[in-house]
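S.K.: Given next are the chains, with one letter for each unit.
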Amino acid sequence: GAVVSQHPSWVICKSGTSVKIECRSLDFQATTMFWYRQFPKQSLMLMATSNEGSKATYEQGVEKDKFLINHASLTLSTLTVTSAHPEDSSFYICSATNRGVAKNIQYFGAGTRLSVL
Amino acid sequence: RKEVEQDPGPFNVPEGATVAFNCTYSNSASQSFFWYRQDCRKEPKLLMSVYSSGNEDGRFTAQLNRASQYISLLIRDSKLSDSATYLCVVGFEGSASKIIFGSGTRLSIRP
Numbered sequence: 011g012a013v014v015s016q017h018p019s020w021v022i023c024k025s026g027t028s029v030k031i032e033c034r035s036l037d038f039q040a041t042t043m044f045w046y047r048q049f050p051k052q053s054l055m056l057m058a059t060s061n062e063g064s065k066a067t068y069e070q071g072v073e074k075d076k077f078l079i080n081h082a083s084l085t086l087s088t089l090t091v092t093s094a095h096p097e098d099s100s101f102y103i104c105s106a107t108n109r110g111v112a113k114n115i116q117y118f119g120a121g122t123r124l125s126v127l
Numbered sequence: 368r369k370e371v372e373q374d375p376g377p378f379n380v381p382e383g384a385t386v387a388f389n390c391t392y393s394n395s396a397s398q399s400f401f402w403y404r405q406d407c408r409k410e411p412k413l414l415m416s417v418y419s420s421g422n423e424d425g426r427f428t429a430q431l432n433r434a435s436q437y438i439s440l441l442i443r444d445s446k447l448s449d450s451a452t453y454l455c456v457v458g459f460e461g462s463a464s465k466i467i468f469g470s471g472t473r474l475s476i477r478p
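Chains as they are written, first to last, in our numbering: chain H, 11 to 127; chain C, 368 to 478.
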């Protein structure tokens, strides 16, 4: 149990285009979903916290108009990188917490490697 | 000061050795503690939760010292497959269930 699927696993796009990343909890209802970004040799940095049916809470320094998060159901959250630029190239990972199970344990998707040319 | 601090390593030890990692956290309101491992270019995977009473899972032992705000991970009889980056993670109670990652400690086990 507690499987999180993230899609796509790898994206290469041109500068200026938008990229949508999906995060799904396959066998549980996700109370909360999280979006992280990881640059090479650095740790995961939380970008935003997403609760179903409400607006995402963004961390300081993360542009909400650039990184659009939609959490329409208890099993799906999406992150859209709008007008992507080369500096947005990174490893984006989502995670989810399982409603009713141990708090604070997050289950991670396999990540999306974004390369912006 | 970082909220969660770890020695980045790398630790390079022979197979069969015992290795220990330490981690300190700055927020005394932290409520939950974990060790995750992350393999190169992969997502983090939960290794174990950490409790004040200490806990052991096979070759892995984790300890928490709330007074010193210090967490440790001990790996005994290390295997080649233990090579990875080990992430110290601290969580906070509340509806957000937010967690903070340390920058990770790289471990390399050599034959």
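No wet-lab data here; the hints were simulated from the structure. Values in this document were obtained by computation on a predicted structure and should not be read as measured data. Incorrect hints may have been included.
For the chain H half of the interface with chain C, some residues (derived, Cβ under 7 angstroms), not all of them [unchecked claim]: (1) Pro50; (2) Ser53; (3) Leu78; (4) Leu86; (5) Phe118; (6) Ala120.
Under the rule of at most 20 angstroms between Cα atoms (straight-line distance), these lysine to aspartate or glutamate pairs were calculated in the EDC-like manner [unchecked claim]: (7) C:Lys409 <-> H:Glu69; (8) C:Lys465 <-> H:Glu69; (9) H:Lys51 <-> C:Glu382; (10) H:Lys51 <-> H:Glu32; (11) H:Lys51 <-> C:Asp406; (12) H:Lys51 <-> C:Asp374.
Positions of the beta carbon are idealized from the N, C-alpha and C atoms, including for glycine.
S.K.: Which constraints among the numbered hints does this structure fail? Numbers only, ascending.
M.R.: 1, 3, 4, 7, 9 and 10
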